[in-house]
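Engineer: Take a look at the letters that make up each chain.
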Amino acid sequence: MAGRIRVRAQLSDGVTEVKALMRHPMETGLRKDADGNAIPANFITEVTATHNDRVVMQAFWGASVSQNPFLACRFTGGAVGDDVTVNWVDNLGETGTGTTKIR
Amino acid sequence: MVGYEESSGLSRRGLLRAGALLAAVMAVPGRVWAAVTRPDGAFKAEGIDAALASIASDAAVSDQIDLETPDIAENGGTVPVVVNSKLPGTTRVAILVELNPNPLSAIFVVPEGSDAYIETRVKVAQTCNIYALVEAGGQWYQASKETKVTLGGCGG
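Keeping their order, the protein sequence lines are chains A and B. Counted from 1, the first sequence has number 77 at position 14 by the working numbering; the numbering is strictly sequential. Counted from 1, the second sequence has number 579 at position 102 by the working numbering; the numbering is strictly sequential.
Hints listed in this document are in silico derivations from the structure and should not be mistaken for laboratory results. The hints are all genuine.
List time: in silico EDC-like cross-link candidates among lysine to aspartate or glutamate, alpha-carbon distance up to 16 angstroms:
| no. | chain 1 | residue 1 | chain 2 | residue 2 |
| --- | --- | --- | --- | --- |
| 1 | B | 625 | B | 551 |
| 2 | B | 563 | B | 543 |
| 3 | B | 563 | B | 545 |
| 4 | B | 622 | B | 548 |
| 5 | A | 82 | B | 592 |
| 6 | A | 164 | A | 80 |
| 7 | B | 521 | A | 90 |
| 8 | A | 82 | B | 596 |
| 9 | B | 563 | B | 592 |
Input sequences plus hints: build the corresponding full structure.
Structural biologist: Below is the structure:
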């Protein structure tokens with residue numbers, strides 16, 4: 064189940080601001096369910112933002128990033144209409160992706 | 478006799494501390510990360526001292542790092558954090574939460590051409606300091622700020 068990412072990229076004064084909202088439980092592995100069984104860890108370990116295939120931000124995450132994670136970052140060199148893509152990989156090997164055009 | 482016990486207690490604590498530091502350093506060989514691999518050992522480090530040591534134990538405090546976190550967070554499950562480094566040549570930014578079981582929350586690799594500006598949300602288990610560690614020009618710098626949490630972020 065590849066996850067979708069909501070991505071927005073807005074150009075302002077030569078700087079493109081990328082905002083990404085990912086749908087992911089970000090389970091730490093430390094929580095227990097109602098019956099006292101441990102809920103297995105499941106969290107995003109790596110996020111990459113690219114602008115026309117150029118990496119503009121790479122992130123390594125632990126389980127203490129919030130559920131349904133939000134990430135904003137900024138880069139120079141973008142133009143209106145360019146593609147911005149955000150990808151994630153989690154500790155179970157699942158992936159998520161989202162693409163938008165700079166506005 | 479009392480004196481002997483005191484000194485042995487001290488040295489045992491010192492040994493434990495040295496052991497923890499050693500374990501943290503060994504978990505991240507040489508502290509040299511290729512830009513593309515996740516430092517798994519640093520993410521598993523327990524306690525803020527070990528977590529800081531796994532990245533940079535000698536990070537100088539800098540007022541050139543803007544670290545924005547709420548003074549009081551009602552929900553520790555989603556605490557917004559903004560890091561904006563004004564240090565020239567910033568290449569990496571790490572966010573740590575002092576009293577979380579594994580303090581290291583995130584590391585960002587900032588390529589050339591990107592601003593050293595990051596906004597995200599983290600879980601904060603209880604009232605404590607949030608740290609931003611910034612690597613600029615091969616040196617590590619830090620800033621920290623306390624966030625009071627009224628509802629913990631690791632509830633089960």
